[in-house]
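K.L.:
One-letter residues, chain by chain:
2 protein chains.
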Amino acid sequence: MHSFPQSFRDELSELMRWRRDVRRFRTDPVEQAVLDRCLASFACAPSVGLSEPWRLVQLTSPEARAKALANYQDANADALKGYSGDQATRYATLKLSGMAEAPIQFAIYCDEATDKGAGLGAATMPEARRYSVVGAIMQFWLTARAEGLGVGWVSVLDPARLNADLDVPPDWHLVAYLCVGWPEATSDTPELETLGWEARAAALPLETR
Amino acid sequence: MHSFPQSFRDELSELMRWRRDVRRFRTDPVEQAVLDRCLASFACAPSVGLSEPWRLVQLTSPEARAKALANYQDANADALKGYSGDQATRYATLKLSGMAEAPIQFAIYCDEATDKGAGLGAATMPEARRYSVVGAIMQFWLTARAEGLGVGWVSVLDPARLNADLDVPPDWHLVAYLCVGWPEATSDTPELETLGWEARAAALPLETR
Numbered sequence: 001m002h003s004f005p006q007s008f009r010d011e012l013s014e015l016m017r018w019r020r021d022v023r024r025f026r027t028d029p030v031e032q033a034v035l036d037r038c039l040a041s042f043a044c045a046p047s048v049g050l051s052e053p054w055r056l057v058q059l060t061s062p063e064a065r066a067k068a069l070a071n072y073q074d075a076n077a078d079a080l081k082g083y084s085g086d087q088a089t090r091y092a093t094l095k096l097s098g099m100a101e102a103p104i105q106f107a108i109y110c111d112e113a114t115d116k117g118a119g120l121g122a123a124t125m126p127e128a129r130r131y132s133v134v135g136a137i138m139q140f141w142l143t144a145r146a147e148g149l150g151v152g153w154v155s156v157l158d159p160a161r162l163n164a165d166l167d168v169p170p171d172w173h174l175v176a177y178l179c180v181g182w183p184e185a186t187s188d189t190p191e192l193e194t195l196g197w198e199a200r201a202a203a204l205p206l207e208t209r
Numbered sequence: 001m002h003s004f005p006q007s008f009r010d011e012l013s014e015l016m017r018w019r020r021d022v023r024r025f026r027t028d029p030v031e032q033a034v035l036d037r038c039l040a041s042f043a044c045a046p047s048v049g050l051s052e053p054w055r056l057v058q059l060t061s062p063e064a065r066a067k068a069l070a071n072y073q074d075a076n077a078d079a080l081k082g083y084s085g086d087q088a089t090r091y092a093t094l095k096l097s098g099m100a101e102a103p104i105q106f107a108i109y110c111d112e113a114t115d116k117g118a119g120l121g122a123a124t125m126p127e128a129r130r131y132s133v134v135g136a137i138m139q140f141w142l143t144a145r146a147e148g149l150g151v152g153w154v155s156v157l158d159p160a161r162l163n164a165d166l167d168v169p170p171d172w173h174l175v176a177y178l179c180v181g182w183p184e185a186t187s188d189t190p191e192l193e194t195l196g197w198e199a200r201a202a203a204l205p206l207e208t209r
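Residue numbers (this note's numbering), protein chains in the order written: chain C, 1 to 209; chain W, 1 to 209.
For the record, the hints were derived by calculation from the structure and aren't laboratory data.
Even for Gly, the Cβ is constructed at its ideal location relative to N, Cα and C.
Just so you know, not all the hints are guaranteed correct.
Quick list of the computed label-pair ranges, beta carbon to beta carbon [claimed, not checked]:
1. Q87(W) - A43(C): 23 to 33 Å
2. E63(W) - A88(C): 46 to 56 Å
3. P205(C) - H2(W): 24 to 34 Å
4. P205(C) - R65(W): 46 to 56 Å
5. P5(W) - Q32(C): 19 to 29 Å
6. Q6(W) - D188(C): 13 to 23 Å
7. Q32(C) - T189(W): 27 to 37 Å
8. E112(C) - A113(W): 23 to 33 Å
9. R65(W) - T89(C): 45 to 55 Å
10. Q87(W) - T89(C): 52 to 62 Å
11. S84(C) - A185(W): 56 to 66 Å
12. A43(C) - A185(W): 15 to 25 Å
13. H2(W) - R90(C): 21 to 31 Å
14. T208(W) - E112(C): 17 to 27 Å
Kindly produce the complete structure, drawing on both the sequences and the hints.
P.N.:
So this is what it looks like as structure tokens:
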């Protein structure tokens, strides 16, 4: 039996309140020991059938990073075309990734073909494997924030192009592209709210049956 | 600037180590105030474009719960047919849901049609909306464990049948079915490992490019 005191629960709530999707990073390096402590949180993440389907690709070469950055830039230019008027102007001013600056970058995949777990829990909802990867990323994100590190999740990417550029196995499905580094600033308010794109909801949408 | 001390980081790591997918619940009720503190963690979860696409349906009526339980039982019987020999014997002895006992149960959806966030970040990877719901569930799960509550994620369900039984809007996509309650026991080892179904990996799969 392992229980947690009120003081910890309060601080956990503060951690979640001060976790941000970070797009503005300092370029100074992150010590490997700090990164390793954050990555250790993958090992205790929940996964359907204990399948642990997460596969990480760290982009360390200038070539791989340049291809990923160009992918983002093209996808972001395409996304801009979907807006018009004031909304297009506002979209164009947003900074949606720190890929040009973040010292640490990962493409995170789900191995759809893993034998691990023998398919338990994934017959009717095979997407549970991808969700397992997301749960692990969330643990990494919170652990990183507790270390003072910023994490930014970039979804403005063409997955097929990234997979080809990184030459990953065909059964790997891209779940996330993460930027990691020391943030320029900390805040308890999402940048999209500060910049007027969208506000947080007042209440949780909850119905009963 | 909000920073977190080493003592908190150590305890956060312990929280993740002692979080379990719980399938064995006591039937005594959970105070609403405790549940509300856990649900509050949704409000500070990350979401693509600040779309906050999570929609919760709490199953409180005996009718709704009976339908969900029958759904699980049928899906589990079908899943058993996918195994043979020793593996089938082992699968049949596993307890994969606490739906017959857990006092609190939620079906958690993603609203695929939400206007919130104006589609930002979801053009090339619309699945980022569902992943946002998973991230929020992970925050709920950790917060619940810190309160001593157990959470079990059931994916052995036919989503179309559950959606029809719960009469949810057509644009809502089922992400998870959660059981919540006081656990019969706590452990730092997954039940699937204890019962010999699967073991945790020795190392994180990480490649570089």
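K.L.:
Hint by hint, say whether it matches the structure.
P.N.:
Cross-check of the supplied hints:
{"no.": "1", "hint": "Q87(W) - A43(C): 23 to 33 Å", "result": "25 Å, holds"}
{"no.": "2", "hint": "E63(W) - A88(C): 46 to 56 Å", "result": "49 Å, holds"}
{"no.": "3", "hint": "P205(C) - H2(W): 24 to 34 Å", "result": "28 Å, holds"}
{"no.": "4", "hint": "P205(C) - R65(W): 46 to 56 Å", "result": "21 Å, violated"}
{"no.": "5", "hint": "P5(W) - Q32(C): 19 to 29 Å", "result": "22 Å, holds"}
{"no.": "6", "hint": "Q6(W) - D188(C): 13 to 23 Å", "result": "22 Å, holds"}
{"no.": "7", "hint": "Q32(C) - T189(W): 27 to 37 Å", "result": "28 Å, holds"}
{"no.": "8", "hint": "E112(C) - A113(W): 23 to 33 Å", "result": "27 Å, holds"}
{"no.": "9", "hint": "R65(W) - T89(C): 45 to 55 Å", "result": "50 Å, holds"}
{"no.": "10", "hint": "Q87(W) - T89(C): 52 to 62 Å", "result": "59 Å, holds"}
{"no.": "11", "hint": "S84(C) - A185(W): 56 to 66 Å", "result": "57 Å, holds"}
{"no.": "12", "hint": "A43(C) - A185(W): 15 to 25 Å", "result": "22 Å, holds"}
{"no.": "13", "hint": "H2(W) - R90(C): 21 to 31 Å", "result": "28 Å, holds"}
{"no.": "14", "hint": "T208(W) - E112(C): 17 to 27 Å", "result": "22 Å, holds"}
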